[in-house]
Every structure is written in C-alpha cells, then in structure tokens.
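Novice: What follows is the residue order along each chain.
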Amino acid sequence: MWAYEKKLMYPVKVSTCNPTLAKYLTEQYGGADGELAAALRYLNQRYTIPDKVIGLLTDIGTEEFAHLEMIATMIYKLTKDATPTQLKDAGLAEHYVSHDSALFYSNAAGVPFTASYIQAKGDPIADLYEDIAAEEKARATYQWIIDQSDDPDLNDGLRFLREREIIHSQRFREAVEILIEERDRKKVF
Amino acid sequence: MTKKTDEYSTKSYVPYHSPFDPCPPLQRKYYSTPPNLYIGFQPRNLQQFSPIEALKKGTLWTPFYDYYENPYKK
Amino acid sequence: MNKPLPKEYYTQLEEIQAIDFTLYELALYLDTHPSDSQAIQQYNQCAVYCKQLKAQFESTFGPLQFGSPNTNQQEWTWNSGPWPWQI
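Chains as they are written, first to last, in UniProt numbering: chain H, 1 to 189; chain P, 1 to 74; chain V, 1 to 87.
Be aware that one or more of the hints could be misleading.
[What the hints assert, rightly or not] Sample of chain P residues at the chain V side, in silico, Cβ under 7 Å:
| id | residue |
| --- | --- |
| 1 | Pro43 |
| 2 | Arg44 |
| 3 | Ala54 |
Since the hints were made in silico from the structure, they are not lab data. Where a beta carbon is used, it is the ideal one built from N, C-alpha and C, also for glycine.
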C-alpha cells in the first residue's frame, strides 16, 4: 500500500504568471517520458524482476509519484488564475474547451497518455535498459524545458528533477551490474 | 569534432552546414554527458552535501551533481 | 480566503524536506549497496531525527503523514488545507 504525506518532495516555486510554461510541463505529466509513465513502468516491472532489485524499483517508482505531484503543482500554479484569454494566448485554448484549467494526462501537444508508452518485457536486462533509457530521455526533456523557460524559480525545481533522473539512471545501471555479475558486495569492497 | 566546454558535462560539435541549408548555421550543437556516465558502480564513502544543500542540488552525493543551464543562452 | 501560513511553516517544512531527502537518497544507495554498514548507521540516525522533526511540525500545524495523531481534539485537521500544491 501507499500512504500519503502532506508535503512536496521539494519546495516548488514559480515566479511568473506564464501559462505557456504549463503547456510545456505537460510533457512531463502525461508524456511518453513523463513522471506518470515512469512511476507506472517501474512499479509494474517489479513483479517480474529478481528479488535483488525489487526494492530499488519500488523506491524509484514511488519517488516518481512525488515528481508527478511537483509537476502538477507547477502546472496548477501557472494556470490557476489565468483567464480564458490568457490560456488562449498560451496556446491552451484547445485544452480549455475540453478541460477548463483541469490537469489532464496528455503530452505537451495534447496527445492523451497511453499505456503503450511503457514496456514490460519480463526480461530483467531488457527492462532495466529501458529504465535507464527512460531516465536519460526524461533528463533530456527537462533540459529542453529549461531551455524554453526564463522563470528562475521554475527552473530551480526543474533542475532538481533533472538531477534526480541522473541519480535514478545511476541506480538502474548499478542494478544491471548486480544482475550480470551476481557480485557479492562484500567481496568487491 | 567533440570539444569539451568549460563545464565538463557539456559537449559540443559543429554540424555540417550546406550552402543549401536555409537557416543561418547554428555555431555549435550541445549535448549533455552527466557524471553518472563516468563513475561506474558507486564507491563507498563518497563525499556528501549537507541535508539542506543536498535538497537544493537534487542529490546527496557531490560527485553526481550536475548543474544545467541552457547552453544556447548568451 | 484562508489566512497566509506563518513563516515557520515554510522553514520547518523545508527542514523536514531536507532530512527526508537525505534519508531517501541513502535508501536508494542502500538498495544497491545493502552491506554498507556505515551508510546504514547514517540512515538510522537520519530516520530518528526525521521522526522528531515531523512530530514537532505536526504538533503545531497538524498531521503531515497519514496515520499521525490528530492533535486537535475538536476538529479533524487532516482534510483541511492548504494542500501541498496550494502553499
């Protein structure tokens, strides 16, 4: 089971009223390499992975939900007081006519989230390699969003999330090492 | 063609520019090669940030920290 | 309109976020380095400290974690805002 904690993982701040940035951030909400896809991918793969890496997939999958909440907070803050005209100017008219300012699991272009973004091959190496690739793709997406954003506070939160992708990639790489070498940690060190 | 810039985790190259390419040439194309690509299996006792600093940086471990800035920004 | 939160809410919360983050980073490290006893020791110290900080915060500002005691005897404060994305 999961238990909610009434706090964000990181203190998210947004300094400018700029709904266009919310549109870009949607890529990490319901996009192919977004946080929802990441959480669902890892938490689903853990049922068919060797015991040694179940804990890692569980913990990283859980963290992805904390990231999803951070992205949601950013989108929420960037759109909550925006008028229909402001949303239209931000390229969000199509979103508005269907959802008002509700969040929706789609990518930045409005394509709805689909389970086909994620894979579960049942082969531990194939799955972990997908996870490593997913982290690098999410890292790149954060970079491209930072490149498009001139909001210093928002970029601060996005840099935190980008750094997390680096750490997750590192841990998945270590998980592969553990599985291919079956090394006894005590012997190595 | 790979050239290291001042930040070690940012690499760049100059894409071939044809006289028939319509846009003015981009001087350099950048890509990121963060520290996790170099460290391997994390050794024990890596240097750590203080808790508050770790939160700000997004990692507890100093060698994994990689600041990112838009490389095209002047 | 709700009252704005006091400054201490933000400072105490950030302190919790920091310790929680360190705890979490150690957990991920230990998931792939399960026999690093020094890291386990640091994790345990961190866990105790984190619990203290959270209990202190909760006694002033209400429950942070599901399942924490509701210290206000008159009112159920878990479902009162502001919520994390609103602050």
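Novice: Of the numbered hints stated earlier in the document, which are not met by this structure?
Specialist: Number 1 - this is the single hint that the structure violates.
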